[in-house]
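Chemist: Each chain is listed here by its residues.
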Amino acid sequence: MCGIVGIYLKNEDLRPELGGLLAAMLVEMSDRGPDSAGIALYRDPVPDSSCKLTLHTADHYEWDDLRTEMAAHLGAAVKLDVHASHAVVIASADVTSVQDWLRTERPELRIMSAGSAIEIYKEKGLPREFVKQFKLHELNGSHALGHTRMATESAVTTEHSHPFSTGMDLCLVHNGSLSNHNRLRRTLRDEGVDIQTDNDSEVAAGYLMWRLREGDTLEAALDRALRDLDGFYTFAIGTKDGFAVLRDPIACKPAVMAETDDWVAMSSEFRAIAQLPGADAATIWEPRPATVYTWGH
Amino acid sequence: MTVFDLNTDSVRNLNQQLHESPAASTAITNPCGRHCIACGIDADVDVSIDGHVGYYCAGMNKQANVTITGNAGPGVAENIMSGSVRIEGNASQYAGASGHGGTLIIHGDASARCGISMKGVDIVVAGDVGHMAAFMAQKGRLVVCGDAGDSLGDSLYEAYLYVRGKAGALGADCVEKEMTADHVRDLAQLLESAGIDADAGAFRRYGSARKLYNFNVDHADDY
Chain A
-15 MCGIVGIYLK
-5 NEDLRPELGG
5 LLAAMLVEMS
15 DRGPDSAGIA
25 LYRDPVPDSS
35 CKLTLHTADH
45 YEWDDLRTEM
55 AAHLGAAVKL
65 DVHASHAVVI
75 ASADVTSVQD
85 WLRTERPELR
95 IMSAGSAIEI
105 YKEKGLPREF
115 VKQFKLHELN
125 GSHALGHTRM
135 ATESAVTTEH
145 SHPFSTGMDL
155 CLVHNGSLSN
165 HNRLRRTLRD
175 EGVDIQTDND
185 SEVAAGYLMW
195 RLREGDTLEA
205 ALDRALRDLD
215 GFYTFAIGTK
225 DGFAVLRDPI
235 ACKPAVMAET
245 DDWVAMSSEF
255 RAIAQLPGAD
265 AATIWEPRPA
275 TVYTWGH
Chain B
6 MTVFDLNTDS
16 VRNLNQQLHE
26 SPAASTAITN
36 PCGRHCIACG
46 IDADVDVSID
56 GHVGYYCAGM
66 NKQANVTITG
76 NAGPGVAENI
86 MSGSVRIEGN
96 ASQYAGASGH
106 GGTLIIHGDA
116 SARCGISMKG
126 VDIVVAGDVG
136 HMAAFMAQKG
146 RLVVCGDAGD
156 SLGDSLYEAY
166 LYVRGKAGAL
176 GADCVEKEMT
186 ADHVRDLAQL
196 LESAGIDADA
206 GAFRRYGSAR
216 KLYNFNVDHA
226 DDY
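Note that the protein sequences, when read in sequence, are chains A and B.
Note that our numbering gives residue 165 to position 181 of the first sequence, counting from 1, and the numbers run on in steps of one.
Quick note: to get our numbering, add 5 to the position in the second sequence (first position is 1).
Bound-form chain A, shown alone (with noise of 0.2 Å):
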């Protein structure tokens, strides 16, 4: 069991709120999924020849060298921004470069996102710890998602924690299980996707990875997935614009979608949604199996 949250804001004077809007819609899904929380949270994009990625490290870092080791390497300017043990570094350099500096330079780094506006932040523990640790009241944002995760299928780290990236701007986050997780693996293995741990979701994430690259659109992936991926799953996907939700066709896994003139929201249970304002005039329904949902602007 796990709890996935997303919120997307139609009224943008709502946004100074979205942290303190998802950390009430997380902190609810306490009971389905105490061992781990996670959020992919969308604001401030960067301009075209400009990345913002977010980096993890369970240890000590020096942020401050890395920052001018990068900016002195790639001849960029380099903000870096440190939320608990992560941080949010935006370059004035190419995506691809940066990240391969980042491989080369500091392997010891884990790349939690990538692209212009997404930032993901997750750890282990639960949800109000979590909440506290990253300040969650004071971010602002468009859009985020949220994750609790109850660990059925592999280790309980913040490796193994949700959100996924699924490439630039891209993020996912499941409720569920996936039964051919370990062939499919290899066969993304295969194509050249970067899978770092025996998470079933972060499969799931690397097929999105995958397909994408192949020219898919996020609809035409999803549609794929449908036929691919066996298992149970609730996914809510994260873009640069808003977010995407799909069930299997058993559909077991529960799932509400809700909408009112200033927001759009997507949860596990109601009782997540019911902490938004508003909520009780919100025109609600349940996302029907093997159907790709998606909002954006």
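Treat the hints with care, since some could be wrong.
[Unchecked claim] Examples of chain A residues lying across from chain B (beta carbon under 10 Å, computed):
(1) GLU12
(2) ILE234
(3) ASP245
(4) ALA258
(5) GLN259
(6) PRO261
(7) ILE268
(8) GLU270
[Stated by the list, open to error] Now the in silico label distances, taken between C-beta atoms and shown as ranges:
(9) ARG17/B with ALA135/A: 44 to 52 Å
(10) VAL140/A with GLU163/B: 54 to 62 Å
(11) ASN219/B with ASP246/A: 58 to 66 Å
(12) ARG112/A with HIS224/B: 51 to 59 Å
(13) GLN117/A with GLU197/B: 57 to 65 Å
(14) ASP174/A with ASP226/B: 35 to 43 Å
(15) LYS67/B with ARG112/A: 35 to 43 Å
(16) ALA42/A with ALA225/B: 34 to 42 Å
(17) PHE220/B with GLY280/A: 53 to 61 Å
(18) THR185/B with ASP264/A: 55 to 63 Å
[Claimed, not checked] Listing some non-contacts, in silico: residues in chain A with all C-beta distances to chain B over 12 Å:
(19) LEU(-2)
(20) GLU1
(21) GLU46
(22) GLU53
(23) GLY109
(24) ASN164
(25) ASP200
Hints in this document: simulated from the structure, not taken from any laboratory.
Computed from a predicted structure; not experimentally measured.
Glycine residues also receive a C-beta, built at the ideal position from the N, C-alpha and C atoms.
Following the hints, put chain B in place on chain A, whose structure we already have.
Modeler: Positioned in the frame of chain A, the structure of chain B alone reads:
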């Protein structure tokens, strides 16, 4: 009337009161999707819940008449024994699962597995039902005024299924059956008592072909 505000009082206190000293009428406010609201009542009382409820609302209900003004989460009225549960909005998956008796009325839609393993409950849905409705149903009546999803009545025993709209692909051993005058009369009574305005003559009836009841020796080589 007793009023229970779930923003200031707990579901545990509410259920305890409903079990030990139920008022003739209880109004519950701010359900906010909480789980197990008004579960396990065994008294002839009225309970109204103003808003949306989460998992397993009104489970194991006996005698009581429970009304939910909003939507219900998964497993509403699970194992209902008698009395009634009325949902003015939509119901999530496995509504009325394994219900033995009483009536479950859903004014909106019900999603997957509505009435799974029902054992005598009557379920009336004014809207649509999702896939695998009445899976392994043994007894009782499922009435769908809208459409039914795929695999309706899969592995059905002896329940009566009535659908006014389109039925998707029928489940294993589920077949359309003749709608006799007796069935129309029986259905009309059920619709009336449920307070759902629909013409009983416009429904089609589905039931078990009874081919799965016994081992078929001609299929021995298939196993």
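Chemist: Each of the hints needs a verdict: does it hold here or not?
Modeler: Structure-based check of each hint:
| no. | hint | verdict |
| --- | --- | --- |
| 1 | GLU12 | holds, 8 Å |
| 2 | ILE234 | holds, 8 Å |
| 3 | ASP245 | violated, 19 Å |
| 4 | ALA258 | holds, 4 Å |
| 5 | GLN259 | holds, 8 Å |
| 6 | PRO261 | violated, 13 Å |
| 7 | ILE268 | holds, 6 Å |
| 8 | GLU270 | holds, 5 Å |
| 9 | ARG17/B with ALA135/A: 44 to 52 Å | violated, 28 Å |
| 10 | VAL140/A with GLU163/B: 54 to 62 Å | violated, 47 Å |
| 11 | ASN219/B with ASP246/A: 58 to 66 Å | holds, 59 Å |
| 12 | ARG112/A with HIS224/B: 51 to 59 Å | holds, 56 Å |
| 13 | GLN117/A with GLU197/B: 57 to 65 Å | holds, 59 Å |
| 14 | ASP174/A with ASP226/B: 35 to 43 Å | holds, 40 Å |
| 15 | LYS67/B with ARG112/A: 35 to 43 Å | holds, 38 Å |
| 16 | ALA42/A with ALA225/B: 34 to 42 Å | violated, 59 Å |
| 17 | PHE220/B with GLY280/A: 53 to 61 Å | holds, 54 Å |
| 18 | THR185/B with ASP264/A: 55 to 63 Å | violated, 46 Å |
| 19 | LEU(-2) | holds, 20 Å |
| 20 | GLU1 | holds, 19 Å |
| 21 | GLU46 | holds, 45 Å |
| 22 | GLU53 | holds, 49 Å |
| 23 | GLY109 | holds, 23 Å |
| 24 | ASN164 | holds, 22 Å |
| 25 | ASP200 | holds, 27 Å |
Taken one by one, the earlier hints fail for this structure at numbers 3, 6, 9, 10, 16 and 18, listed in ascending order.
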